[in-house]
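4 protein chains.
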Amino acid sequence: MAKIGVVGATGYAGAELVRLLSRHPQATLAVLTSQTYAGKAMGEVFPHLLGVVDHTLEELNVAELVDRCDVIFTALPHGHAMPMGQEVMRQGKRLIDLGADFRLKDVATYQHWYQTEHTASALVTKAVYGLPELYRKDIKNSVIVANPGCYPTSTILGLAPLLTNKLINLETIIVDAKSGVSGSGRGLSLKSHFTEITNNFQAYGVATHRHTPEIEQELSELAGVSVTVNFTPHLTPMIRGILCTSYAKMTSHMSSEQLTELYREFYQGEPFVRVLPVGIYPATKNVAGSNLCDLSVTVDPRTGRVIVLSAIDNLIKGAAGQAVQNLNLLLDIPENTGLDFAGMYP
Amino acid sequence: MAKIGVVGATGYAGAELVRLLSRHPQATLAVLTSQTYAGKAMGEVFPHLLGVVDHTLEELNVAELVDRCDVIFTALPHGHAMPMGQEVMRQGKRLIDLGADFRLKDVATYQHWYQTEHTASALVTKAVYGLPELYRKDIKNSVIVANPGCYPTSTILGLAPLLTNKLINLETIIVDAKSGVSGSGRGLSLKSHFTEITNNFQAYGVATHRHTPEIEQELSELAGVSVTVNFTPHLTPMIRGILCTSYAKMTSHMSSEQLTELYREFYQGEPFVRVLPVGIYPATKNVAGSNLCDLSVTVDPRTGRVIVLSAIDNLIKGAAGQAVQNLNLLLDIPENTGLDFAGMYP
Amino acid sequence: MAKIGVVGATGYAGAELVRLLSRHPQATLAVLTSQTYAGKAMGEVFPHLLGVVDHTLEELNVAELVDRCDVIFTALPHGHAMPMGQEVMRQGKRLIDLGADFRLKDVATYQHWYQTEHTASALVTKAVYGLPELYRKDIKNSVIVANPGCYPTSTILGLAPLLTNKLINLETIIVDAKSGVSGSGRGLSLKSHFTEITNNFQAYGVATHRHTPEIEQELSELAGVSVTVNFTPHLTPMIRGILCTSYAKMTSHMSSEQLTELYREFYQGEPFVRVLPVGIYPATKNVAGSNLCDLSVTVDPRTGRVIVLSAIDNLIKGAAGQAVQNLNLLLDIPENTGLDFAGMYP
Amino acid sequence: MAKIGVVGATGYAGAELVRLLSRHPQATLAVLTSQTYAGKAMGEVFPHLLGVVDHTLEELNVAELVDRCDVIFTALPHGHAMPMGQEVMRQGKRLIDLGADFRLKDVATYQHWYQTEHTASALVTKAVYGLPELYRKDIKNSVIVANPGCYPTSTILGLAPLLTNKLINLETIIVDAKSGVSGSGRGLSLKSHFTEITNNFQAYGVATHRHTPEIEQELSELAGVSVTVNFTPHLTPMIRGILCTSYAKMTSHMSSEQLTELYREFYQGEPFVRVLPVGIYPATKNVAGSNLCDLSVTVDPRTGRVIVLSAIDNLIKGAAGQAVQNLNLLLDIPENTGLDFAGMYP
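Protein chains in written order, with the UniProt record's numbering: chain A, 1 to 346; chain B, 1 to 346; chain C, 1 to 346; chain D, 1 to 346.
Bound conformation, chain A alone (with noise of 0.2 Å):
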């Protein structure tokens, strides 16, 4: 049994990773810790788990935390998870961050679009982006699995068999994101205030998310170029889910279902990934409370351009799920142990 540390546990991906991981058959729950609501016990924060998981939550000792976890999971906002890499480094252990610090391999990137100076440089190098479809033989020899963000998840997911296949035209990439609301946090906000998302549909971060370096960096390693999107989230009035439609246009004349069929192809044997028939699209309640991401490809022949939606639930394929997923790789065991469950319908 593996000892696992989640910090930042009472954030939403936090909390869904104790859920994940108290039902994990190869982990137990060592230490989880809240800056919030350290002291408190985690079912009284989340009455949903009162029962299930009976951890007392803990302040954060760096050092002492290490030692006491074999893996550690860091649910933290950018910027804190760099002091643990260099810690777990020291220790011999492993960290599977959910945060954006060891995402972006060009530390330049990474200070420029998130204003933050990177600390731990000399560990990026060594981390390996935790997209197990693309990567799955580097994170299991890894120390640091940079566990990607939601919406670069469903956007390489749906574009990877395209560019590795060189189907598209590069320069003509536009990513157009919905997201639910759990994606922005528990921390209050207008912005995630009931009374003001129900029954609203906008769009933010235009042309300036912080997830735009991340896509195009996964989207140029596949292409072997340098590629330039347009990436525009929108905010859903849902809880979960992310649907991402994604438009390029065909350097090759393809039907619909020539192409569906290559993305079959492309991810046969994925425990997680599912290709749908031509004229079925994705919507994001057939996965959500699940691991899975669905797909599907549509050719139009008016235009030349494809379309490519993609949906996953954003705090599981998109945060705990996938870092589960990544843990399973670390461990060496079966990739869907403890991810082997439905999603919940309605």
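Careful: at least some of the hints might be erroneous.
Since the list gives no way to pick one copy over another, a pair counts as held whenever it fits inside one copy or between any two copies.
[Unchecked claim] Each computed DSBU-like pair below joins lysine-lysine, with the alpha-carbon atoms no more than 30 Å apart: (1) Lys140 / Lys249; (2) Lys166 / Lys249; (3) Lys105 / Lys40; (4) Lys40 / Lys191.
By construction, these hints were calculated from the structure, which means they are not laboratory data.
Guided by the hints, dock chains B, C and D onto chain A, whose structure is given.
Here is chains B, C and D on its own, set in the frame of chain A:
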């Protein structure tokens, strides 16, 4: 492994049962039937189960179905489980009926409230009311389990300690219940049309709802004398969950703390009932996705009334989860087998 | 044209008042104040009013504000309208307070339930409880109108005919109330955080809500003797609307039809009360966006109880709309001036 | 007072039209028809109008209806307004069609996308596309107004200044649209079943939606050459509102500020278009309940693309409100008559 048949697998309760049973370690799904979708794959009708449940939906053939199964679940409107009950008796199998056909011990009462002739009245006395917290032993030895209604489950668990301990005036019981829309099922109606129900709250079936005699039967059983109640259901713009607010006059002076302690003792050891501390009230979201029932009791010294709050997930503890709990009793395995998951939050 | 001041214009009740008054043919918005947003344009804080209301929000200066206005509305938390009341008296203007400071005739009761010292107790006897359906004449001649709370408006309109006609046992009144989240205001709290409240239903303030003494005061006034009630508010995942389900034992035999007819007569000619036919129940969506109160009465012959359902828009008939109705009475103009619009559906 | 007929008064657009016209100072409702509810009172079918609109719904008799009215609104599915158009011409009355029958100038295009024969093709050339911001003068003198679709209204208002000023590459236009569920109408379907849609987000009609040719016709008209676009509609779990996110490559270097200024000039004096400051984005809730269209433009210098956001209430500016705006033009009265209300917030 018990071979299971689910009759009516494409209603919400049926689909939830399929989801729960697909992960049950001691049960295997043998037959799924659907009147509307026979011939289609389950994962086509409910895409959240695509790749999780591979069964094709079948037409219902009563004799053949019973032959192929050890335990049959019927998730059908009232009136349709009676022939199944007879066939199950004939072949010596077992039935868990999620409908109303075997809940009311008095056939005349059934016929009055449901306006339906009872064609298997001989079986009614053999059926056990499937509320494990009250009838655990009887359920274990039963052939037909009448799985309780969603409102009765929540109401009875909330009031049982008061009646058993003779703490309230039996002529003063009022149950004001609120349910999510999944309780109305998947059948199309303006009463579950998104635009009509969102941002809307309303009562229905005032003084006439069919769960009233079921509640009264069980409260009378607990009290030892005939009890009549006011039961008013309301439709709440949410998917899952029931909250019942029950009122009664206390016949003795007790504080909220004393009464809470009495509830704790009453439900000691129960895996699925949580009695909350004084001043903490149940919220449907805390139990959604779980088989739990959360309870709180408050005594108002100004009026001498007790206010009981009880919350369940109507599709799980109020239907499919409780049915699996009953299955576990029939199979004589731990009662929380396949049900030991926390709810999903947020 | 009456010159109007709105103190606290950026809470939900205040902003709704501004919206209604911006189209009122006999009133002109003279001053809008906001503690949080002083200096900003109203349309910047509430973009739905951009181009509709051009005012800049001001700091509150009590004496100067009263000087610039004929009628002042205070839409502030309790405790803040008392100095305004005194200044209004001094300058001979008029005040409509949407808060609780002048609602309770008994200062000790106010101080007990609100845990706040009353610093303008001499004015309490001069204030009129602003429920036009009961106190129309007194309001016309008043200087300070205590605009009723949202729950009391709905409850009292629902029960008034029963009490006036002495049809119920006064010791049996139970009010089970359900409110949309806008009633919690625009202040940030986990209790109105989208992800926590969506798909959630819960009670709050059980046996302790501050609207209880207000309801009891008015029911006692109608009954002619002191009345105590159980009042339980619940939070519903919707924006606007209150539905109250009230129960009481009838003291005489009447049918639902007879009682409905009695209600029709009681409210005959009222522009904002609709008594629905037997078997048709109020829904909050039918009154949302309007100043209407919908009522239905059902007698349950099995228990001898009456169930009264009453629905309002908490921000309109429960706050800003009723305040405008009171303004119209003060100005001695038709009571529906500026309020003669249907609700918005769906 | 213009005598008005509303054909199809019990769909959402029809009912909204009835609500708006019931308060219009220059129009009087003469006839309301409904296929489903003929014989019932309007207030019985739509209780929010109980006591507001007293009309009984009638069966449709085309000739008689035209005879009794000055202006007829048809709020019917496509294919049903053609006979009405012919009768209106015969009797010399005027028609505002909220459906698609007279929107497309090319009959073959209509027949291709709608798979319906056009039986009144001679009238198509006489009809004017009812977008007042572009065709105000033509509408005033028209007999048949083809009221635009909801998506086209939002899209065209968002892109018109770019096309008129030849600022974008016409081969790069992508429109990613999101709509509330009221756009799907009141007809029952799993696609608008509460439990299926709540907490769900999905695309539909990918590359095949019927509003595509309507958008292309109008953009081509503005550009002076034929324009083809990608248009992808999505269903959002909210009641009212459309947000369109449109993308195109700029052909010249302009900043967001310069482009915003150009939009301000383009729409100067328009009563229902608001161009928001740079960095402030439209939200559907800010226009819900109003006839407004909110716009913002952002230039992304990294990609050379412009991102246009446009928001409307699909039932008002996208249907009934725009129809009233067109009525006002026909009657030669101020364009905002009966439409000068703010939206309802929250």
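Results of checking the hints against the structure:
no. : hint            : result
1   : Lys140 / Lys249 : neither (35 Å within a copy, 42 Å between copies)
2   : Lys166 / Lys249 : both (11 Å within a copy, 22 Å between copies)
3   : Lys105 / Lys40  : neither (38 Å within a copy, 43 Å between copies)
4   : Lys40 / Lys191  : both (27 Å within a copy, 19 Å between copies)
When each numbered hint is compared with the structure, violations occur for hints 1, 3.
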